[in-house]
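Trainee: Could you put together the complete structure from these sequences and hints?
Here the protein sequences come in this chain order: A and B.
Residue numbering for the first sequence follows the numbering used here, starting at 4 and increasing by one per position.
Residue numbering for the second sequence follows the numbering used here, starting at 8 and increasing by one per position.
Don't take each hint at face value.
Dumping the calculated EDC-like pairs for lysine to aspartate or glutamate here, alpha-carbon to alpha-carbon at most 20 angstroms [what the hints assert, rightly or not]:
1) 84(A) / 147(B)
2) 31(A) / 110(B)
3) 47(A) / 102(A)
4) 47(A) / 64(A)
5) 31(A) / 147(B)
6) 31(A) / 115(B)
7) 47(A) / 147(B)
8) 167(B) / 208(B)
9) 31(A) / 119(B)
These are computed hints drawn from the structure, not numbers from a lab.
Note that the structure is predicted; figures quoted are calculated from it, not measured.
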Amino acid sequence: GPNCDLVNFSEYISKNLALYELSNDGMKLSTHAQANFCRGELAKALRKGPFQVNVILGGYDENVPNGGSLYIMDYLGSCHKVNYGAQGYASNFTLSIMDRDWEEGMNEEQAVKIVEHCIRELNMRFLLNQSNFIIKVVDKDGVRTVKADSDPSDN
Amino acid sequence: MARRYDSSTTTFSPEGRLHQVEYAIEAINNAGTSVGILAKDGVVMASEKKVTSGLLAPARTSEKTYKLCPHATCTVAGLTADANILIDQARLRAGRYAYQYQEPIPIENLVEHVCNYKQAYTQYGGLRPFGVAFLFAGYDIHHGFQLYQSDPSGNYSGWKATVIGANNQAGKSLLKTEYGSSSSSGDEMKTDENPAKDETEMPTTVEALRLAVKVLNKTMDGAAASPDKLELFAMTLDEDGNCVHKILNAKEVEAVIAEVESETATAGDS
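Mentor: Shown next as structure tokens:
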């Protein structure tokens, strides 16, 4: 979404989640709980001053089968647990790729390959030239960046 | 000396005490006893029902035990009317948390919320504190089964076993010696070759129920235990991992009382 709402909303959510951890003796909310909290905030704001933000939230929980879970939310407050997702114009190109390529029980390497496939497709077919894709992975060790292309501000 | 500083909650005494809060705690020492015991596979709470009369309509609600949410229940010692307000608060909090996070509220979170609410009445508004002490029994995936006690000051703490209400000191001292020692081993002398176990072994729910009745027998001061004077509650998990809140019916209570009686009878023989 627009950068103002993007920053405002995502910081609001992430700082509230950090506050939860501080107030509750280091206990972290599960991905499911975080997603529902986030969606609840979108829903609350909707009929007051909506955040024009679409969200894809991914997290790792030990007690979840296979550990990872992915939630997709839009600015109207819908929320779905999904195996793959995309927001924005990209979805028109990439959802069908992921429909074909995604399989149950893939490992990280295979998943990153699918993401790279999507990026290649966008580079070829999408009218906007987007040189800076950042790929991140969330697993038991936390969040890490796997690939970051050139930053346009470097040019 | 205390007289000048005791009529307002919002005033400290020169010794740094809040007398109204202390008086509220005193009020609970006249209330029906409630004992809570943490077991391996659940939590057990036993309460003395003070209000027993043949003329009472058959109770649809308890005066002692209240369910707060699918995975937490509490017992009350003190002013029941005050307790109802706080129980509403607790139920609201549990419900709102579940609405916001779509997950059951962690038990300590729930207890802390009720306690913060109680604390406000010791600092703001000039209103008297709540004359209630609670035992909270609950289960969450983070810490398993838990037992908490809270008092009018808004303080709370987690316990393996504790007693609130009348004669709680007698009850607590009995728990100190009996909790963790298996009831069947009998008298084993603590010698250098046989040191006391470092870890207290948690009882099962069944054993805990018996111990709870034992404690109430002591605090009720010789009055004969019977199903209409006792309320026994046990929280366990079923095979699907859901909480089961069980208030024992009269027959089951009778059975536990009988087991305790036979146990004490045989113990006296050795």
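Trainee: All hints are to be evaluated individually against the structure, with a verdict given for each.
Mentor: Right, here's what the structure says about each hint:
Straight-line distance between C-alpha atoms of residue 84(A) and residue 147(B) comes to about 23 angstroms, which puts the hinted pair past the 20 angstroms bound. At roughly 13 angstroms between alpha-carbon atoms, residue 31(A) and residue 110(B) fall within 20 angstroms of each other, so this suggested pair holds. Straight-line distance between C-alpha atoms of residue 47(A) and residue 102(A) comes to about 32 angstroms, which puts the hinted pair past the 20 angstroms bound. Pair hint residue 47(A) plus residue 64(A) does not hold up; C-alpha atoms about 27 angstroms apart against a cutoff of 20 angstroms.
About 13 angstroms separates the Cα atoms of residue 31(A) and residue 147(B), which keeps this hinted pair within 20 angstroms; it holds. About 14 angstroms separates the Cα atoms of residue 31(A) and residue 115(B), which keeps this hinted pair within 20 angstroms; it holds. Taking the CA atoms of residue 47(A) and residue 147(B), the gap is about 28 angstroms. The hint is violated against a cut of 20 angstroms. A threshold of 20 angstroms between alpha carbons decides the hint, and for residue 167(B) with residue 208(B) the separation of about 11 angstroms falls inside it, so the pair holds.
With a CA separation close to 17 angstroms, the supplied pair residue 31(A) and residue 119(B) stays within the 20 angstroms bound.
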